[in-house]
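Student: Residue strings, one per chain:
2 protein chains.
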Amino acid sequence: MTVKLPDACLDQLFREARTHNAWRDEAVADELLHAIVDLAMLGPTSANCSPARFIFVKSHEAKERLKPHLSEGNRDKTMKAPVCTIIGYDFDFYQHLPKLFPHTDAKSWFEGKEEKIAETAFRNGTLQGAYLIMATRALGLDCGPMSGFDNAGVDREFFAGTNVKSNFLCSLGHGDRAALFPRSPRFSFDEMARIV
Amino acid sequence: MTVKLPDACLDQLFREARTHNAWRDEAVADELLHAIVDLAMLGPTSANCSPARFIFVKSHEAKERLKPHLSEGNRDKTMKAPVCTIIGYDFDFYQHLPKLFPHTDAKSWFEGKEEKIAETAFRNGTLQGAYLIMATRALGLDCGPMSGFDNAGVDREFFAGTNVKSNFLCSLGHGDRAALFPRSPRFSFDEMARIV
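Protein sequences appear in the order of chains L and D.
For the first sequence, the working numbering begins at 115 and goes up steadily by one.
For the second sequence, the working numbering begins at 115 and goes up steadily by one.
Hints should not be assumed to be uniformly reliable.
Identical copies look the same in the list; a pair holds intra-copy or inter-copy alike.
[Unchecked claim] Derived pair list, reagent style SDA-like, types lysine to any residue, alpha-carbon separation capped at 20 Å:
1) K279 <-> F236
2) K279 <-> D264
3) K181 <-> A149
4) K230 <-> K279
5) K213 <-> S298
6) K279 <-> F205
Please keep in mind that the hints were generated in silico from the structure rather than gathered at the bench.
Work the whole structure out from these sequences, hints included.
Tutor: Right under this line is the structure:
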């Protein structure tokens, strides 16, 4: 039996959580990155296809490899984040279905179907990116997701020799709340949803 | 200052949460659907573009409209769920950016750029679909997300006259844990992530 989580949890996950652009000078331990992945990988994907691939860019050297591919507005803040995660998705995900979905031949649902492969990888890899954001917040860190970068450049630098493509980036760390802008407006329920 | 959420919360959101296919006969109040959207809409999207549109299919009449478009394996279980949510994404999302991202002319970033519109709508609409899943679990309900349906048929039936396209479906309610299969295997950290 599950119940509504305490308001303090809902605040941390949703209501008080914000996209951060400035970071306190506190390192993020590798163990915490493992804990984030351990939670995020449990979120649902279709046929458990799990196409997301995560690269946690943490060392100075790796950040320098990422830097030239960031849009100018994202460059400085990303260099100052303790970690920037590259969320990618693997077009070869279906090769792993005999392991991930062993009770049927799910691999054959995709073989040779390029459009279905691309759509499934993008949809489910993006879902897993959102699970990563929620897991990060659940473990007490802040996120700064962003789309402004040269995807092809990041792919060449970090995913060469694979069929993985970059999806979006997400900085992780302890955000500086003093640097936040007010939250942007949201739709009302009726503007984005209906009950029929 | 945020901290790691209590283990009971992490269990409910990730570790014990499962994709449900069988549902207890308990209605879901409209107020709870509003509460889910109120949380999910707070999750981050690029430039706050918020392209997701949610239709909560709850009445018998609406379920009958959905039924012929479901794959056979999804049909009966979906008819028995208290609510099935159609998660769609609006290709006209950028028309709303003067409201949602008022401090700059973000609308002009998209006008006339069909490929960028489609990719941004799909990526961010999918992120919001994942936020809906997490918000639903956070409020004590279970989810049953699925991709097996005729997207074009659902679009004709539920999104006619708009530029909204269906993305995936997600049943909501109180799941019957007795009907769950064991969780499918996941990757190890090293198979899906690395720290550089």
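Student: Each of the hints needs a verdict: does it hold here or not?
Tutor: Hint-by-hint comparison with the structure:
| no. | hint | in the structure |
| --- | --- | --- |
| 1 | K279 <-> F236 | both (9 Å within a copy, 16 Å between copies) |
| 2 | K279 <-> D264 | within (11 Å within a copy, 27 Å between copies) |
| 3 | K181 <-> A149 | neither (26 Å within a copy, 40 Å between copies) |
| 4 | K230 <-> K279 | both (16 Å within a copy, 16 Å between copies) |
| 5 | K213 <-> S298 | between (43 Å within a copy, 9 Å between copies) |
| 6 | K279 <-> F205 | within (8 Å within a copy, 23 Å between copies) |
Checked against the numbered hints given earlier, this structure breaks only hint 3.
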